[in-house]
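Visitor: According to our numbering, the sequence shown is numbered sequentially starting from 1.
Please keep in mind that the hints were generated in silico from the structure rather than gathered at the bench.
Please read these numbers as outputs of a predicted model, since none were measured by experiment.
List of simulated lysine-lysine pairs, DSS-like, C-alpha gap at most 27 angstroms:
| # | residue 1 | residue 2 |
| --- | --- | --- |
| 1 | Lys281 | Lys150 |
| 2 | Lys335 | Lys191 |
| 3 | Lys191 | Lys150 |
| 4 | Lys191 | Lys281 |
| 5 | Lys191 | Lys109 |
| 6 | Lys150 | Lys109 |
Beta-carbon label-pair distances, calculated as ranges:
| # | residue 1 | residue 2 | range |
| --- | --- | --- | --- |
| 7 | Val114 | Ala82 | 42 to 48 angstroms |
| 8 | Val200 | Ser346 | 25 to 31 angstroms |
| 9 | Arg64 | Gly273 | 49 to 55 angstroms |
| 10 | Gly273 | Gly202 | 21 to 27 angstroms |
| 11 | Gly98 | Ile198 | 36 to 42 angstroms |
| 12 | Val284 | Ala72 | 36 to 42 angstroms |
| 13 | Trp325 | Ile198 | 20 to 26 angstroms |
| 14 | Gln288 | Leu178 | 49 to 55 angstroms |
| 15 | Glu184 | Gly43 | 35 to 41 angstroms |
| 16 | Gly262 | Asp91 | 29 to 35 angstroms |
| 17 | Leu355 | Gln159 | 30 to 36 angstroms |
Where is the CB? At the ideal position from N, CA and C, for every residue including glycine.
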Amino acid sequence: MFLLPAIVFGAPAAPDSRVSLETTLSAAPSKGLKLGFELYGNGWESSVTQSRIAGAEITGEISRPLGEAFTANLGLGLVLEAGMARSRFTDEFRPRQGVRLREASISWKPWEPVTVVAGALDQDRWDAPLLLRRQSYPSAYERFALPFGKFTVAFAAMQSVVTDTSTLQPWGNWSQSLPSFFLERISVEWKHSARTLISVHGSHFAFKDLSHQHAYDAQFLGNSVVGVGPENTNFRYGFQGFEMGAEASVELMTGLSPFIRGDVIWNTTAANGRGLGWSAKAGVLWAQGDRLRFRPSFELFRVESDASPALFSSRVFGHSNRQGWAASLGVELPKSGLRGQVQWVSSDVIAATPLQAGATWLGFQLSMDYDAI
1 MFLLPAIVFG
11 APAAPDSRVS
21 LETTLSAAPS
31 KGLKLGFELY
41 GNGWESSVTQ
51 SRIAGAEITG
61 EISRPLGEAF
71 TANLGLGLVL
81 EAGMARSRFT
91 DEFRPRQGVR
101 LREASISWKP
111 WEPVTVVAGA
121 LDQDRWDAPL
131 LLRRQSYPSA
141 YERFALPFGK
151 FTVAFAAMQS
161 VVTDTSTLQP
171 WGNWSQSLPS
181 FFLERISVEW
191 KHSARTLISV
201 HGSHFAFKDL
211 SHQHAYDAQF
221 LGNSVVGVGP
231 ENTNFRYGFQ
241 GFEMGAEASV
251 ELMTGLSPFI
261 RGDVIWNTTA
271 ANGRGLGWSA
281 KAGVLWAQGD
291 RLRFRPSFEL
301 FRVESDASPA
311 LFSSRVFGHS
321 NRQGWAASLG
331 VELPKSGLRG
341 QVQWVSSDVI
351 AATPLQAGAT
361 WLGFQLSMDY
371 DAI
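Model the full assembly from the supplied sequences, consistent with the hints where possible.
Guide: Structure follows, in C-alpha coordinates:
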(Lines of atoms letter the chains of each structure in order from A and count residues from 1; the text may use other names and numbers.)
(Lines give C-alpha, C1' and ligand atoms only; values in the text may rest on other atoms or scores of the structure.)
Protein backbone atom coordinates (compact mmCIF):
# COMPACT_ATOMS: atom_id res chain seq x y z
CA MET A 1 0.00 0.00 0.00
CA PHE A 2 1.16 3.48 -0.71
CA LEU A 3 1.06 5.92 2.17
CA LEU A 4 1.71 9.47 3.10
CA PRO A 5 5.38 9.78 4.09
CA ALA A 6 6.49 8.05 7.26
CA ILE A 7 9.45 10.15 8.30
CA VAL A 8 11.45 9.33 11.40
CA PHE A 9 12.57 12.55 13.06
CA GLY A 10 16.26 13.09 12.46
CA ALA A 11 16.47 10.20 9.96
CA PRO A 12 14.12 10.51 6.97
CA ALA A 13 13.48 7.19 5.25
CA ALA A 14 13.79 6.77 1.50
CA PRO A 15 10.73 5.42 -0.34
CA ASP A 16 10.21 1.69 -0.03
CA SER A 17 13.00 1.39 2.51
CA ARG A 18 12.95 1.08 6.26
CA VAL A 19 15.84 2.64 8.11
CA SER A 20 17.62 0.03 10.20
CA LEU A 21 16.60 -0.04 13.84
CA GLU A 22 19.73 1.25 15.52
CA THR A 23 20.46 3.77 12.76
CA THR A 24 16.98 5.21 13.31
CA LEU A 25 17.17 5.38 17.08
CA SER A 26 20.73 6.65 17.39
CA ALA A 27 20.93 9.04 14.44
CA ALA A 28 22.18 12.47 15.49
CA PRO A 29 19.57 15.20 14.91
CA SER A 30 20.31 17.61 12.11
CA LYS A 31 21.62 21.01 13.14
CA GLY A 32 19.65 23.73 11.37
CA LEU A 33 16.40 23.63 9.42
CA LYS A 34 15.61 20.72 7.10
CA LEU A 35 12.67 21.08 4.70
CA GLY A 36 10.97 18.54 2.50
CA PHE A 37 8.06 18.16 0.16
CA GLU A 38 6.09 15.23 -1.16
CA LEU A 39 3.58 14.86 -4.00
CA TYR A 40 1.49 11.70 -4.03
CA GLY A 41 -1.63 10.04 -5.32
CA ASN A 42 -3.43 6.86 -4.33
CA GLY A 43 -6.57 4.89 -4.88
CA TRP A 44 -8.34 2.35 -2.65
CA GLU A 45 -10.92 0.04 -4.19
CA SER A 46 -13.23 -2.44 -2.45
CA SER A 47 -16.94 -3.21 -2.41
CA VAL A 48 -17.43 -1.14 0.78
CA THR A 49 -14.97 1.74 0.27
CA GLN A 50 -13.64 3.61 -2.76
CA SER A 51 -11.17 6.48 -2.58
CA ARG A 52 -9.18 8.61 -5.05
CA ILE A 53 -6.70 11.05 -3.50
CA ALA A 54 -4.09 13.50 -4.77
CA GLY A 55 -2.10 15.42 -2.21
CA ALA A 56 1.03 17.11 -0.99
CA GLU A 57 2.86 17.37 2.30
CA ILE A 58 5.38 20.05 3.20
CA THR A 59 7.61 19.05 6.12
CA GLY A 60 10.07 20.85 8.33
CA GLU A 61 12.32 19.69 11.14
CA ILE A 62 14.81 21.48 13.33
CA SER A 63 17.05 20.52 16.25
CA ARG A 64 18.87 23.07 18.37
CA PRO A 65 21.26 22.42 21.28
CA LEU A 66 20.27 23.78 24.69
CA GLY A 67 23.57 23.66 26.52
CA GLU A 68 25.91 20.68 26.45
CA ALA A 69 23.50 17.83 27.17
CA PHE A 70 20.05 19.04 26.02
CA THR A 71 18.55 19.40 22.52
CA ALA A 72 15.19 20.78 21.41
CA ASN A 73 13.54 18.96 18.48
CA LEU A 74 10.57 20.02 16.36
CA GLY A 75 9.06 18.31 13.31
CA LEU A 76 5.91 19.44 11.47
CA GLY A 77 4.02 18.47 8.34
CA LEU A 78 1.42 20.49 6.44
CA VAL A 79 -0.92 18.06 4.65
CA LEU A 80 -3.14 19.18 1.74
CA GLU A 81 -5.32 16.68 -0.13
CA ALA A 82 -8.05 16.74 -2.76
CA GLY A 83 -10.23 13.94 -4.11
CA MET A 84 -13.20 11.82 -3.13
CA ALA A 85 -14.04 8.92 -0.86
CA ARG A 86 -17.20 6.86 -0.59
CA SER A 87 -17.60 4.43 2.29
CA ARG A 88 -20.37 2.58 4.10
CA PHE A 89 -18.66 2.50 7.47
CA THR A 90 -15.45 4.51 7.92
CA ASP A 91 -13.76 7.70 6.70
CA GLU A 92 -10.27 6.18 6.92
CA PHE A 93 -9.47 6.98 3.29
CA ARG A 94 -11.10 10.41 2.89
CA PRO A 95 -9.07 13.49 1.80
CA ARG A 96 -7.47 15.32 4.73
CA GLN A 97 -6.00 18.74 5.39
CA GLY A 98 -4.18 20.09 8.39
CA VAL A 99 -0.94 20.40 10.32
CA ARG A 100 0.62 17.15 11.59
CA LEU A 101 2.87 17.41 14.62
CA ARG A 102 5.48 14.72 14.16
CA GLU A 103 7.84 15.61 17.01
CA ALA A 104 8.11 18.29 19.70
CA SER A 105 10.56 17.14 22.32
CA ILE A 106 13.53 17.78 24.55
CA SER A 107 16.31 15.18 24.51
CA TRP A 108 18.87 14.76 27.28
CA LYS A 109 22.14 12.90 26.74
CA PRO A 110 24.09 13.03 30.01
CA TRP A 111 26.74 10.67 28.60
CA GLU A 112 27.25 8.75 25.37
CA PRO A 113 25.36 5.46 26.10
CA VAL A 114 22.27 7.14 27.58
CA THR A 115 19.48 9.10 25.85
CA VAL A 116 16.28 10.38 27.47
CA VAL A 117 13.58 12.15 25.41
CA ALA A 118 10.24 13.63 26.51
CA GLY A 119 7.44 15.46 24.69
CA ALA A 120 5.32 14.66 21.66
CA LEU A 121 7.27 11.78 20.12
CA ASP A 122 6.99 10.24 16.63
CA GLN A 123 6.19 6.54 17.14
CA ASP A 124 7.66 5.68 13.73
CA ARG A 125 10.99 5.71 15.59
CA TRP A 126 10.20 2.08 16.49
CA ASP A 127 9.91 1.04 12.82
CA ALA A 128 7.15 -1.43 13.75
CA PRO A 129 4.39 -1.13 11.09
CA LEU A 130 2.36 -4.05 12.47
CA LEU A 131 2.01 -2.16 15.75
CA LEU A 132 2.31 1.61 15.15
CA ARG A 133 2.38 3.80 12.05
CA ARG A 134 2.20 7.60 11.65
CA GLN A 135 1.35 8.23 15.30
CA SER A 136 2.70 10.89 17.65
CA TYR A 137 1.99 10.52 21.37
CA PRO A 138 2.92 12.49 24.52
CA SER A 139 5.70 10.21 25.73
CA ALA A 140 8.83 9.62 27.73
CA TYR A 141 11.55 7.56 26.01
CA GLU A 142 14.74 6.07 27.46
CA ARG A 143 17.58 4.30 25.66
CA PHE A 144 20.86 2.71 26.72
CA ALA A 145 23.21 1.59 23.92
CA LEU A 146 26.52 -0.27 24.15
CA PRO A 147 28.82 -0.53 21.10
CA PHE A 148 31.04 -3.60 20.77
CA GLY A 149 33.13 -3.03 17.65
CA LYS A 150 30.78 -3.47 14.70
CA PHE A 151 27.98 -4.60 17.04
CA THR A 152 25.57 -2.36 18.91
CA VAL A 153 23.34 -3.68 21.72
CA ALA A 154 20.57 -1.35 22.84
CA PHE A 155 17.85 -1.37 25.49
CA ALA A 156 14.96 1.08 25.06
CA ALA A 157 11.60 1.78 26.66
CA MET A 158 8.70 4.20 26.19
CA GLN A 159 5.67 5.26 28.21
CA SER A 160 2.95 7.11 26.29
CA VAL A 161 -0.54 8.56 26.49
CA VAL A 162 -2.41 7.31 23.42
CA THR A 163 -3.96 10.25 21.59
CA ASP A 164 -5.89 10.60 18.36
CA THR A 165 -9.19 12.17 17.34
CA SER A 166 -11.22 9.27 18.72
CA THR A 167 -10.00 9.97 22.28
CA LEU A 168 -12.01 13.23 22.37
CA GLN A 169 -15.01 11.76 24.18
CA PRO A 170 -18.40 13.45 24.71
CA TRP A 171 -18.99 14.76 28.22
CA GLY A 172 -20.00 11.90 30.51
CA ASN A 173 -18.37 9.21 28.35
CA TRP A 174 -14.86 9.49 29.75
CA SER A 175 -12.95 6.47 30.98
CA GLN A 176 -11.51 6.35 34.49
CA SER A 177 -7.93 6.43 33.20
CA LEU A 178 -6.10 7.93 30.27
CA PRO A 179 -5.46 5.47 27.42
CA SER A 180 -1.78 4.49 27.50
CA PHE A 181 0.89 2.56 25.65
CA PHE A 182 4.09 0.95 26.95
CA LEU A 183 6.91 -0.68 25.02
CA GLU A 184 10.26 -2.20 26.03
CA ARG A 185 12.82 -3.42 23.48
CA ILE A 186 16.21 -5.09 23.21
CA SER A 187 18.02 -4.97 19.88
CA VAL A 188 21.30 -6.03 18.33
CA GLU A 189 22.79 -4.65 15.12
CA TRP A 190 25.87 -5.68 13.19
CA LYS A 191 26.94 -3.15 10.59
CA HIS A 192 29.83 -4.09 8.33
CA SER A 193 29.46 -1.23 5.83
CA ALA A 194 26.93 1.33 4.62
CA ARG A 195 25.07 -1.39 2.66
CA THR A 196 25.88 -4.50 4.66
CA LEU A 197 24.07 -4.93 7.97
CA ILE A 198 22.08 -7.38 10.07
CA SER A 199 19.75 -6.35 12.88
CA VAL A 200 17.31 -8.18 15.17
CA HIS A 201 15.02 -6.92 17.92
CA GLY A 202 12.39 -8.12 20.35
CA SER A 203 9.81 -5.98 22.13
CA HIS A 204 7.10 -6.30 24.74
CA PHE A 205 4.10 -3.98 24.32
CA ALA A 206 0.90 -3.17 26.20
CA PHE A 207 -2.08 -0.89 25.52
CA LYS A 208 -4.21 0.08 28.52
CA ASP A 209 -7.63 1.74 28.96
CA LEU A 210 -8.49 2.30 25.30
CA SER A 211 -11.85 4.06 25.04
CA HIS A 212 -15.29 2.97 23.82
CA GLN A 213 -14.79 5.27 20.81
CA HIS A 214 -11.48 3.56 20.03
CA ALA A 215 -13.27 0.20 19.95
CA TYR A 216 -16.18 1.52 17.90
CA ASP A 217 -13.88 2.94 15.22
CA ALA A 218 -11.50 -0.05 15.21
CA GLN A 219 -14.23 -2.61 14.40
CA PHE A 220 -14.45 -1.19 10.86
CA LEU A 221 -10.69 -1.80 10.44
CA GLY A 222 -10.76 -5.43 11.58
CA ASN A 223 -10.76 -5.64 15.39
CA SER A 224 -13.24 -7.80 17.35
CA VAL A 225 -15.61 -5.85 19.62
CA VAL A 226 -18.71 -6.31 21.77
CA GLY A 227 -21.49 -3.79 22.27
CA VAL A 228 -23.27 -1.35 19.97
CA GLY A 229 -22.65 2.34 19.38
CA PRO A 230 -19.72 4.65 20.20
CA GLU A 231 -20.70 4.88 23.89
CA ASN A 232 -21.04 1.16 24.61
CA THR A 233 -18.54 -0.67 22.39
CA ASN A 234 -15.57 -2.48 23.96
CA PHE A 235 -12.69 -4.48 22.51
CA ARG A 236 -13.29 -8.21 22.88
CA TYR A 237 -9.63 -8.73 23.80
CA GLY A 238 -6.90 -6.68 25.42
CA PHE A 239 -3.69 -5.79 23.60
CA GLN A 240 -0.49 -7.01 25.23
CA GLY A 241 2.22 -9.20 23.78
CA PHE A 242 5.40 -9.29 21.77
CA GLU A 243 6.70 -7.65 18.59
CA MET A 244 9.83 -8.96 16.85
CA GLY A 245 11.75 -8.22 13.70
CA ALA A 246 14.91 -8.93 11.75
CA GLU A 247 16.48 -7.55 8.59
CA ALA A 248 19.61 -8.15 6.57
CA SER A 249 21.27 -6.44 3.62
CA VAL A 250 24.45 -7.75 2.03
CA GLU A 251 26.41 -6.09 -0.77
CA LEU A 252 27.16 -9.01 -3.10
CA MET A 253 29.00 -6.82 -5.59
CA THR A 254 29.48 -3.14 -6.26
CA GLY A 255 26.08 -1.52 -6.57
CA LEU A 256 24.03 -4.68 -5.95
CA SER A 257 22.63 -5.34 -2.46
CA PRO A 258 19.74 -7.78 -1.91
CA PHE A 259 17.79 -7.33 1.32
CA ILE A 260 15.22 -9.26 3.35
CA ARG A 261 13.05 -8.29 6.28
CA GLY A 262 10.60 -10.07 8.57
CA ASP A 263 8.23 -8.73 11.25
CA VAL A 264 6.04 -10.66 13.70
CA ILE A 265 3.50 -9.51 16.28
CA TRP A 266 1.69 -11.70 18.82
CA ASN A 267 -1.11 -10.43 21.05
CA THR A 268 -1.03 -12.93 23.90
CA THR A 269 -4.43 -11.84 25.25
CA ALA A 270 -6.34 -12.68 22.03
CA ALA A 271 -7.88 -16.04 21.17
CA ASN A 272 -6.06 -18.55 18.99
CA GLY A 273 -6.35 -17.53 15.33
CA ARG A 274 -6.90 -13.86 16.15
CA GLY A 275 -3.71 -12.51 17.71
CA LEU A 276 -0.89 -13.19 15.25
CA GLY A 277 0.48 -11.01 12.47
CA TRP A 278 3.52 -11.24 10.22
CA SER A 279 5.09 -9.77 7.10
CA ALA A 280 8.00 -10.96 4.97
CA LYS A 281 9.73 -8.74 2.42
CA ALA A 282 12.54 -9.27 -0.09
CA GLY A 283 14.10 -6.99 -2.66
CA VAL A 284 17.29 -5.61 -4.08
CA LEU A 285 19.04 -2.25 -4.16
CA TRP A 286 20.69 -1.64 -7.52
CA ALA A 287 22.87 1.46 -7.50
CA GLN A 288 24.47 3.09 -10.51
CA GLY A 289 27.15 4.93 -8.57
CA ASP A 290 25.78 8.08 -6.96
CA ARG A 291 23.59 8.94 -9.95
CA LEU A 292 20.68 6.49 -9.86
CA ARG A 293 19.30 3.78 -7.56
CA PHE A 294 16.49 1.26 -8.09
CA ARG A 295 14.79 -0.66 -5.29
CA PRO A 296 12.24 -3.26 -6.43
CA SER A 297 10.65 -5.38 -3.67
CA PHE A 298 7.90 -7.91 -3.00
CA GLU A 299 6.10 -8.49 0.30
CA LEU A 300 3.68 -11.04 1.77
CA PHE A 301 1.63 -10.31 4.89
CA ARG A 302 -1.03 -11.75 7.16
CA VAL A 303 -2.44 -9.80 10.10
CA GLU A 304 -5.14 -11.53 12.14
CA SER A 305 -8.05 -9.50 13.51
CA ASP A 306 -6.69 -8.65 16.96
CA ALA A 307 -2.93 -8.67 16.63
CA SER A 308 -2.89 -4.97 17.57
CA PRO A 309 -5.31 -2.01 17.80
CA ALA A 310 -6.19 -1.52 14.14
CA LEU A 311 -6.44 2.26 14.49
CA PHE A 312 -2.69 2.55 15.01
CA SER A 313 -1.22 -0.10 12.69
CA SER A 314 -0.13 0.43 9.10
CA ARG A 315 -2.60 0.97 6.27
CA VAL A 316 0.01 -0.84 4.13
CA PHE A 317 -1.74 -4.04 5.23
CA GLY A 318 -5.28 -2.64 5.41
CA HIS A 319 -4.91 -2.61 9.22
CA SER A 320 -6.06 -6.03 10.53
CA ASN A 321 -8.03 -9.14 9.54
CA ARG A 322 -6.24 -9.08 6.18
CA GLN A 323 -3.72 -11.06 4.18
CA GLY A 324 -2.16 -10.42 0.81
CA TRP A 325 0.86 -9.14 -1.07
CA ALA A 326 2.53 -5.89 -2.11
CA ALA A 327 4.89 -5.08 -5.01
CA SER A 328 6.78 -1.82 -5.30
CA LEU A 329 9.51 -0.06 -7.24
CA GLY A 330 11.51 2.77 -5.73
CA VAL A 331 13.81 5.11 -7.69
CA GLU A 332 16.28 7.61 -6.22
CA LEU A 333 18.54 10.29 -7.65
CA PRO A 334 21.05 10.71 -4.80
CA LYS A 335 22.72 13.89 -6.08
CA SER A 336 19.45 15.80 -6.21
CA GLY A 337 17.78 14.03 -3.28
CA LEU A 338 14.76 13.22 -5.44
CA ARG A 339 12.94 9.97 -4.63
CA GLY A 340 9.99 8.23 -6.23
CA GLN A 341 7.95 5.09 -5.72
CA VAL A 342 5.02 3.21 -7.21
CA GLN A 343 3.28 0.46 -5.26
CA TRP A 344 0.47 -2.03 -5.76
CA VAL A 345 -1.15 -3.87 -2.85
CA SER A 346 -3.79 -6.59 -2.93
CA SER A 347 -5.46 -7.87 0.26
CA ASP A 348 -8.24 -10.27 1.18
CA VAL A 349 -10.23 -10.54 4.40
CA ILE A 350 -9.17 -13.46 6.62
CA ALA A 351 -12.40 -13.92 8.63
CA ALA A 352 -15.62 -13.01 6.80
CA THR A 353 -17.28 -9.82 8.06
CA PRO A 354 -19.84 -7.43 6.53
CA LEU A 355 -17.63 -4.48 7.54
CA GLN A 356 -14.62 -5.39 5.35
CA ALA A 357 -13.98 -6.68 1.83
CA GLY A 358 -11.06 -7.61 -0.38
CA ALA A 359 -9.31 -4.52 -1.66
CA THR A 360 -6.55 -3.17 -3.89
CA TRP A 361 -4.40 -0.07 -3.47
CA LEU A 362 -2.36 1.68 -6.13
CA GLY A 363 -0.21 4.69 -5.33
CA PHE A 364 2.74 6.80 -6.37
CA GLN A 365 5.02 9.18 -4.51
CA LEU A 366 7.59 11.84 -5.42
CA SER A 367 9.58 13.51 -2.64
CA MET A 368 12.67 15.53 -1.83
CA ASP A 369 14.44 16.79 1.33
CA TYR A 370 17.01 19.54 1.57
CA ASP A 371 18.83 21.62 4.18
CA ALA A 372 17.45 25.18 4.29
CA ILE A 373 19.92 26.43 6.91
